[in-house]
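Chains as they are written, first to last, in our numbering: chain A, 1 to 515; chain B, 1 to 527; chain C, 1 to 98.
Hints were generated in silico from the structure; no laboratory data involved. Note that this is a predicted model, so its numbers are computed, not measured. Positions of the beta carbon are idealized from the N, C-alpha and C atoms, including for glycine. Be aware that one or more of the hints could be misleading.
Claimed, not checked - Here are a few chain C residues that face chain B, going by a calculated C-beta distance under 8 Å: (1) 12; (2) 17; (3) 22; (4) 23; (5) 28; (6) 32; (7) 42; (8) 59; (9) 62; (10) 64; (11) 68; (12) 79; (13) 91.
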Amino acid sequence: MSTTTTASVAPRGGAEPVVAYDDAAARYDVVIGLEVHVELGTATKMFDGCSTAFGSGPNTQVSPVSLGLPGALPVVNRTAVEHGIRIGLALSCSIAETCRFARKNYFYPDMPKNFQTSQYDEPIAADGHLEVVLEDGTPWRVEVERAHLEEDTGKSTHVGGTTGRIHGADHSLVDYNRAGIPLVEIVTRPVTGAGARAPEVARAYVSALRDLLRALGVSEARMEQGQMRADVNVSLRLSPDAPLGTRTETKNVNSFRSVERAVRYEVSRQAAVLDAGRSVLQETRHWHEDTGITTSGRVKSDADDYRYFPEPDLVPLTPSREWVEEIRATLPEMPVARRARLQGEWGYSDLEMRDVVNAGLLEVLSATVAEGASPAAARKWWGGELARTANEREVEVTSLPVGPSQVAELAGLVESGRINDRMARQVLEGVLAGEGTPTEVVTARGLEVVSDESSLVAAVDEALAAQPDVAEKIRGGKVQAAGAVVGAVMKATRGAADAKRVRELVLERVGASSA
Amino acid sequence: MAPADPRARPGADDLVRAGAADLAARLAAREVSSEEVVRAHLDRIAAVDGTPGDGRGVAAFLHVSAQEALADARAVDARRAAGESLHPLAGVPVAVKDVVVTRGTPTTAGSKILEGWVPPYDATLVERLRAAGMPLLGKTNMDEFAMGSSTEHSAYGPTRNPWDTSRTPGGSGGGSAAAVAAFEAPLAVGTDTGGSIRQPAAVTGSVGVKPTYGGISRYGLIAMASSLDQAGPCARSVLDAALLHEVMGGHDPRDATSLTDPVGALADAARSRDVRGMRVGVVRELTGDGFSAGVSASFRASLDLLEGAGAEVVEVSCPTFAHALDAYYLIMPSEASSNLARFDGMRFGLRVEPSEGPVTAERVMAATRGAGFGPEVKRRIILGTYALSAGYYDAYYGSAQKVRTLVQRDFAAAFEQADVLVSPTAPTTAFPLGSRLDDPLAMYAADIATIPANLAGVPGMSLPSGLAEDGLPVGFQVMAPARADERLYRLGGALEALLEDRWGAPLLASAPALETVPARRPEVAPA
Amino acid sequence: MPALSTDDVARLAALARIDLGPDELERLAGELDAVVAAVASVSSVVSDDVPATSHPLPLSDVYREDVVEPSLPVDDVLAGAPAAQDGRFLVPQILEED
Numbered sequence: 001m002s003t004t005t006t007a008s009v010a011p012r013g014g015a016e017p018v019v020a021y022d023d024a025a026a027r028y029d030v031v032i033g034l035e036v037h038v039e040l041g042t043a044t045k046m047f048d049g050c051s052t053a054f055g056s057g058p059n060t061q062v063s064p065v066s067l068g069l070p071g072a073l074p075v076v077n078r079t080a081v082e083h084g085i086r087i088g089l090a091l092s093c094s095i096a097e098t099c100r101f102a103r104k105n106y107f108y109p110d111m112p113k114n115f116q117t118s119q120y121d122e123p124i125a126a127d128g129h130l131e132v133v134l135e136d137g138t139p140w141r142v143e144v145e146r147a148h149l150e151e152d153t154g155k156s157t158h159v160g161g162t163t164g165r166i167h168g169a170d171h172s173l174v175d176y177n178r179a180g181i182p183l184v185e186i187v188t189r190p191v192t193g194a195g196a197r198a199p200e201v202a203r204a205y206v207s208a209l210r211d212l213l214r215a216l217g218v219s220e221a222r223m224e225q226g227q228m229r230a231d232v233n234v235s236l237r238l239s240p241d242a243p244l245g246t247r248t249e250t251k252n253v254n255s256f257r258s259v260e261r262a263v264r265y266e267v268s269r270q271a272a273v274l275d276a277g278r279s280v281l282q283e284t285r286h287w288h289e290d291t292g293i294t295t296s297g298r299v300k301s302d303a304d305d306y307r308y309f310p311e312p313d314l315v316p317l318t319p320s321r322e323w324v325e326e327i328r329a330t331l332p333e334m335p336v337a338r339r340a341r342l343q344g345e346w347g348y349s350d351l352e353m354r355d356v357v358n359a360g361l362l363e364v365l366s367a368t369v370a371e372g373a374s375p376a377a378a379r380k381w382w383g384g385e386l387a388r389t390a391n392e393r394e395v396e397v398t399s400l401p402v403g404p405s406q407v408a409e410l411a412g413l414v415e416s417g418r419i420n421d422r423m424a425r426q427v428l429e430g431v432l433a434g435e436g437t438p439t440e441v442v443t444a445r446g447l448e449v450v451s452d453e454s455s456l457v458a459a460v461d462e463a464l465a466a467q468p469d470v471a472e473k474i475r476g477g478k479v480q481a482a483g484a485v486v487g488a489v490m491k492a493t494r495g496a497a498d499a500k501r502v503r504e505l506v507l508e509r510v511g512a513s514s515a
Numbered sequence: 001m002a003p004a005d006p007r008a009r010p011g012a013d014d015l016v017r018a019g020a021a022d023l024a025a026r027l028a029a030r031e032v033s034s035e036e037v038v039r040a041h042l043d044r045i046a047a048v049d050g051t052p053g054d055g056r057g058v059a060a061f062l063h064v065s066a067q068e069a070l071a072d073a074r075a076v077d078a079r080r081a082a083g084e085s086l087h088p089l090a091g092v093p094v095a096v097k098d099v100v101v102t103r104g105t106p107t108t109a110g111s112k113i114l115e116g117w118v119p120p121y122d123a124t125l126v127e128r129l130r131a132a133g134m135p136l137l138g139k140t141n142m143d144e145f146a147m148g149s150s151t152e153h154s155a156y157g158p159t160r161n162p163w164d165t166s167r168t169p170g171g172s173g174g175g176s177a178a179a180v181a182a183f184e185a186p187l188a189v190g191t192d193t194g195g196s197i198r199q200p201a202a203v204t205g206s207v208g209v210k211p212t213y214g215g216i217s218r219y220g221l222i223a224m225a226s227s228l229d230q231a232g233p234c235a236r237s238v239l240d241a242a243l244l245h246e247v248m249g250g251h252d253p254r255d256a257t258s259l260t261d262p263v264g265a266l267a268d269a270a271r272s273r274d275v276r277g278m279r280v281g282v283v284r285e286l287t288g289d290g291f292s293a294g295v296s297a298s299f300r301a302s303l304d305l306l307e308g309a310g311a312e313v314v315e316v317s318c319p320t321f322a323h324a325l326d327a328y329y330l331i332m333p334s335e336a337s338s339n340l341a342r343f344d345g346m347r348f349g350l351r352v353e354p355s356e357g358p359v360t361a362e363r364v365m366a367a368t369r370g371a372g373f374g375p376e377v378k379r380r381i382i383l384g385t386y387a388l389s390a391g392y393y394d395a396y397y398g399s400a401q402k403v404r405t406l407v408q409r410d411f412a413a414a415f416e417q418a419d420v421l422v423s424p425t426a427p428t429t430a431f432p433l434g435s436r437l438d439d440p441l442a443m444y445a446a447d448i449a450t451i452p453a454n455l456a457g458v459p460g461m462s463l464p465s466g467l468a469e470d471g472l473p474v475g476f477q478v479m480a481p482a483r484a485d486e487r488l489y490r491l492g493g494a495l496e497a498l499l500e501d502r503w504g505a506p507l508l509a510s511a512p513a514l515e516t517v518p519a520r521r522p523e524v525a526p527a
Numbered sequence: 001m002p003a004l005s006t007d008d009v010a011r012l013a014a015l016a017r018i019d020l021g022p023d024e025l026e027r028l029a030g031e032l033d034a035v036v037a038a039v040a041s042v043s044s045v046v047s048d049d050v051p052a053t054s055h056p057l058p059l060s061d062v063y064r065e066d067v068v069e070p071s072l073p074v075d076d077v078l079a080g081a082p083a084a085q086d087g088r089f090l091v092p093q094i095l096e097e098d
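Next comes chain A alone, as it looks inside the complex (with noise of 0.2 Å):
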């Protein structure tokens, strides 16, 4: 099977072969997909009345019903159904018209009642999409298959043994607080024709995903609390018009740039796999982010076998055309959408609004400008002073103790002309310290411009008078000269004077004692 060009790279300590990605993603079709659990920002459980607030001591938030009890019935959570109708129309999917939850039986500890109940072949949401943008701004759009309602396990932590991982754990403690958590799972069709860059599409995808669920005030989806979980899906083929190959499931990836880094090793091991002339086996596999590799996890085998039949305990949900369409009402505008408008409003290049937008600094940046900063001022300050003193200070740039209203006043009294810019960077380095406003700053250190005309005069006459020489070259038609005046003048004024007057003054006082 392999049309070896580079021989794959030799195990690390037990690790398994992996080809270079590049290599691999030239001579192999790549195809992911994604499956992405998103914890709902509800206040209660799907399907009981317990409380989902984080941080509470371990079963103080479980019910007859969360907690499996014999003779407990679920009751559909409304609110958590207007999320999901919510996120389905923010993906541009269709709504059910009538949809059931179904049960998803098999035996685990951290399932109360050891079946799920979720939603099998009629999701409250299915056929839709997002359009997503890549590190270098190439649009791409992911399909997304359907989007369904379920709920989530109670968490174990895994006791004894030497690594407190479930290998070698003598026994498991199990907190149901979080048995019974709205979830809604968004499934990918396969991503097909990104080819090397699927894991760009991966990471963009669930990068996108974070932010229009933020938009839409359903989760807060970070993905390091488990409020946004990914399951990478990886398979190769020969070529675009062969079949599907096998692909496997990575589970246990945490961030954006394990999406990215999952992808890419999975389909370096695949490839190394398929060259060797074997086949990928259907598995479960576990990203590990410490070694950056992924390990086989479960093997898919009978016990995989759901059951799935209507879950009999409640009935179907028929959501009405009028309830989707008040719900639409409420949407919010959609990420990319608002980008490009914004970039329109705000005049920026396609490069500037990217670099924006990949420093994360669309939000503050709008904030500025709602201040009454222009656009351009404000990329200035956040995109070059202060994104550089945060990365001098290893902190995000939204962190540092200035805020868009500040940013905007500075922008503001630099406008009228009131400082200068290289006051403004002073202005800048006192408000972070503390010191107060911008102009609580400038008034503390006296960095005004120096409008007071006589005082102006005065100096401009001093240094006149300092280098006559200079005078006379200037009459002589030598406006050039008249820098050197200008810049003892600044001097003199510890550069609190505004320059382009100052040269107006040295060119006018020339004159005036030639008069």
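Chain A is fixed; fit chains B and C onto it per the hints.
Okay, now just chains B and C, sitting in the frame of chain A:
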């Protein structure tokens, strides 16, 4: 000290033989206190019930809540004395099938896997009983997880039929029916998935009703088959059953499948006794060779009485009823196999570790379920797992749900021609203990007439229509369209009155006397 | 040819997490085979155009509002637990990865 013969205490026998309506009237008139009523029933239980598994006595009760019941009774008496306005049934005691969760009182569902489990919450119907001020006498015996037609599959030993203690009281709710038929309780709560209230009522000469699906909340019923289960009243008269039905029925926001309709004037219907012009449809497929001669004769005699009272008896045909049993024994185990998955030794109930090899969660689950479930439960879980599994779903579970549609259509067509449908409740009278244990299919056949109503969700009642030639009770089944439960009570109340006129007394008045047995061993108090 | 063999039953019992002794397995297989043979006729009774009924009554759109209700007291939650530690349910070693 030998237990007191309840007949020796003045008035006590009278109190246990009175019906609920009668007791309610006497309590309201302050002729008797609830404490006296409860005490009389506790004495009766002590005299005749025995301890489950001992081989003697009725053994209707798994748990007798003597102290709680007396405390509840005293509380009601105090409220009444203080002039509070009380529910009509306040102070009337009731027994509850052990498949219904009761807070603070052990609930086993007849299984070893829940031995000693004390629920931290009450079923909605229990909340309503308590709110009405009805003391709970205790939890009654049942086939394990309601799977069975004889109560012989209880992990705690069988219940015996008060008419002949060598025979079963039917199942799965044999305990509730026997408690009522043995005068140990005036009222009992049962559950009916394929006939588990109606069939025991038939073979014990008592009244049992399965409401329209959704008529009584399932919140707190340990689920067997979610789309079939319904709680319902067990009593000695149609009126008593109506009264209990009214207490328990009505919408429950905690049960998404509960009806929003009001319960209806069921007691009024039971009292009306007027069947003139009512079209009574005899279901052809539920009569004939499958039913014993004694059962058929009793059934026919009741039909004649109804006709004489002005009802119009017609014959209807429901051809798909012939497949209802098969469809039921696919749907019910499938849903049950999923509902019973939660019994795994992780969060509550029995936990058993494997006798050898690594102690892992998976192996503990399997060992617990292997040790904690009885043979009938295992049969049905495996059957259900099969019917739902990949490759078999369409042929089995899927097809069965289609038969269900056809059964509903047959009912709909039949109810165009008749206001109620009738049949004998069970094919035979009570069968001997042990006679069907080796033949599951023979056991399943006991439900042939009751299953169609569960599949369609329509209400059904069984009331005694007399004794067969073997001296054992025969039940008469009435079915009505969904949400027309009051028709059951109208027809049933009328038929009961006609029959009791003919007999001169209720059927149960001629039940044989029960032997006095050693008192129950003391209860172990819940932890 | 039995409808349900001993191997089938063993596989199903594993799927349903129920330990069966060898005698139990034999007996169950025999009993279940008879039951399956009896009920299998349902598939021949129905045609494709008959819809399946999963709920007996035509209810739909039953919801609860997203309003917090009290949870069970944690002591009640753990009271029935076969084993507990630090407020959590203690369960044996889990072999399978999620």
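For each hint, the structure was consulted:
Annotation: interface hint on residue 12 of chain C holds; nearest CB of chain B at approximately 5 Å, less than 8 Å. Checking residue 17 of chain C against chain B: minimum C-beta separation of about 5 Å stays under 8 Å; hint holds. For residue 22 of chain C, the interface hint is violated, the least distance from its beta-carbon to any beta-carbon of chain B being 12 Å, above 8 Å. The beta carbon of residue 23 of chain C is not positioned within 8 Å of any beta carbon in chain B (closest approach about 11 Å), and the interface hint is therefore violated.
About 6 Å separates the beta-carbon of residue 28 of chain C from the nearest beta-carbon of chain B, less than 8 Å, and the hint is met. For residue 32 of chain C, the suggested interface contact is upheld, since its CB lies about 6 Å from the closest CB of chain B, less than 8 Å. Given the 8 Å rule on beta carbons, the hint for residue 42 of chain C holds: about 4 Å separates it from the nearest Cβ of chain B. Interface restraint check for residue 59 of chain C: the shortest CB-CB distance to chain B comes to about 7 Å, inside 8 Å, so the restraint holds.
About 4 Å separates the beta-carbon of residue 62 of chain C from the nearest beta-carbon of chain B, less than 8 Å, and the hint is met. For residue 64 of chain C, the interface hint holds, since its Cβ comes within 8 Å of a Cβ in chain B; the closest pair sits about 7 Å apart. Nearest Cβ of chain B to the Cβ of residue 68 of chain C: about 15 Å, over the 8 Å cut. The hint is violated. Because the closest C-beta pair between residue 79 of chain C and chain B is about 7 Å apart, less than 8 Å, the hint holds.
The beta carbon of residue 91 of chain C comes within 5 Å of a beta carbon in chain B, closer than 8 Å, and the hint placing it at the interface holds.
Comparing the model with each earlier hint shows violations of hints 3, 4, 11; every other hint is respected.
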